[in-house]
Amino acid sequence: MKIKGEKSILVTGSAGFIGYHLCSRLIENGNNVVGIDNLNDYYDVQIKIDRLKQIEGKDNFKFLKIDIIDKGEIEQIFNKEQIDVVVHLAAQAGVRYSLVNPHAYIVNNVNGFLNILEGCRHYGIKHLVYASSSSVYGLNTTMPFSVSHNVDHPVSLYAATKKSNELMAHTYSYLYDIPTTGLRFFTVYGPWGRPDMALFLFTEAILNNRPIDVFNFGKMQRDLTYIDDIVEGIIRVIDLIPQAAKDWDGKNPDPSTSCAPYKLYNIGNNNPVELLQIITILEDCLGKKAQKNYLPLQPGDVPATYADIDELMRDVEFKPSTPTQEGIRNFVEWYKHYYRL
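Counting from 2, one number per residue, gives the positions in the sequence shown under this note's numbering.
Simulated from the structure, these hints should not be mistaken for lab results.
The C-beta atom is built at its ideal place from N, Cα and C for all residues, glycine as well.
Check before you lean on any hint, since a few could be wrong.
Dumping the calculated DSSO-like pairs for lysine-lysine here, alpha-carbon to alpha-carbon at most 30 angstroms [stated by the list, open to error]:
{"id": "1", "residue 1": "K247", "residue 2": "K290"}
{"id": "2", "residue 1": "K247", "residue 2": "K289"}
{"id": "3", "residue 1": "K247", "residue 2": "K293"}
{"id": "4", "residue 1": "K81", "residue 2": "K63"}
{"id": "5", "residue 1": "K247", "residue 2": "K5"}
{"id": "6", "residue 1": "K54", "residue 2": "K66"}
{"id": "7", "residue 1": "K337", "residue 2": "K59"}
{"id": "8", "residue 1": "K337", "residue 2": "K252"}
{"id": "9", "residue 1": "K220", "residue 2": "K127"}
{"id": "10", "residue 1": "K72", "residue 2": "K59"}
Computed Cβ-Cβ distance ranges for the label pairs, DEER-style [said to hold, decoys possible]:
{"id": "11", "residue 1": "E327", "residue 2": "L298", "range": "46 to 52 angstroms"}
{"id": "12", "residue 1": "V156", "residue 2": "D311", "range": "23 to 29 angstroms"}
{"id": "13", "residue 1": "C260", "residue 2": "D51", "range": "43 to 49 angstroms"}
{"id": "14", "residue 1": "E327", "residue 2": "H123", "range": "29 to 35 angstroms"}
Start from the sequences and build out the full structure, keeping to the hints where you can.
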């Protein structure tokens with residue numbers, strides 16, 4: 002699906018995994034795209050540079066190396082560029098890294114998001130779409146996870162900052178009438194994926210005859226969501242500008258909507274897969290068995306994720322559908338090509 006009209010779109014985190022794929026699709030669809038990224042070294046910077054090389058030079062794409070925590074530079078972007086829509090994907094990612102470097106999450110995910118919200122406030126942005134995470138469900142055990150569930154019990158600082166983003170967005174929607182949509186992504190994977198994610202780490206280790214760490218003794222379940230499905234969901238949501246819910250009741254509040262122009266959606270495959278099954282599929286794609294190092298559940302991790310996507314299907318008529326086997330095979334083919342194996 003294409004976005005309606007000729008919109009100019011600011012994508013933060015445009016050298017990131019999801020940001021790169023989204024920019025590629027928007028450029029292909031004919032939208033004017035301004036991408037910003039600080040190209041930090043949380044993981045291999047070269048892969049970020051190589052992603053950008055795929056889209057640089059396009060007439061309708063402009064890339065600027067800018068950090069969202071730089072208030073002045075962010076204000077300049079909003080002031081100079083005629084932006085209609087912001088898709089905010091820049092963030093300090095990773096659950097386990099938040100145990101090691103918690104300050105990075107507050108600086109980037111909270112302070113940085115505030116700069117984006119202020120830009121939207123002062124420059125008349127028509128719609129802010131921003132990345133949240135399935136991590137916000139924390140200690141919730143009712144499956145599948147619904148955007149109408151309470152999410153007040155995160156188990157990592159990363160999750161807490163993503164919940165903070167949702168609260169901050171709601172505040173700006175309420176105070177300044179800025180339409181905001183938060184998207185809770187569920188374990189995104191695919192070509193050009195992040196090197197700190199399990200699928201990437203497993204592939205690298207198996208091909209180099211190193212053991213892989215299998216947490217929760219392999220009983221972990223993840224609602225793996227292929228990158229193309231994530232991008233399609235984002236694009237469909239961009240055109241769906243949220244309205245204040247007329248039937249919203251403060252005595253029985255639905256967290257996913259509001260009397261302000263505010264909305265939340267899950268984007269997940271709606272089909273959780275056990276970690277051992279993921280490894281088996283990966284072994285088949287690689288033609289090589291993994292050496293497994295079984296470990297307990299790690300601090301900050303949750304044992305299972307499972308997305309309720311009824312509202313996404315109802316509102317934008319879309320359901321992620323890429324089979325796990327196909328998605329992992331595509332990732333492996335990309336990995337072998339990228340690393341010239």
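- Message: Are any of the numbered hints broken by this structure? If so, which, sorted upward?
- Response: The structure conflicts with hints 1, 2, 3, 8, 9, 11, 14, although it agrees with all the remaining ones.
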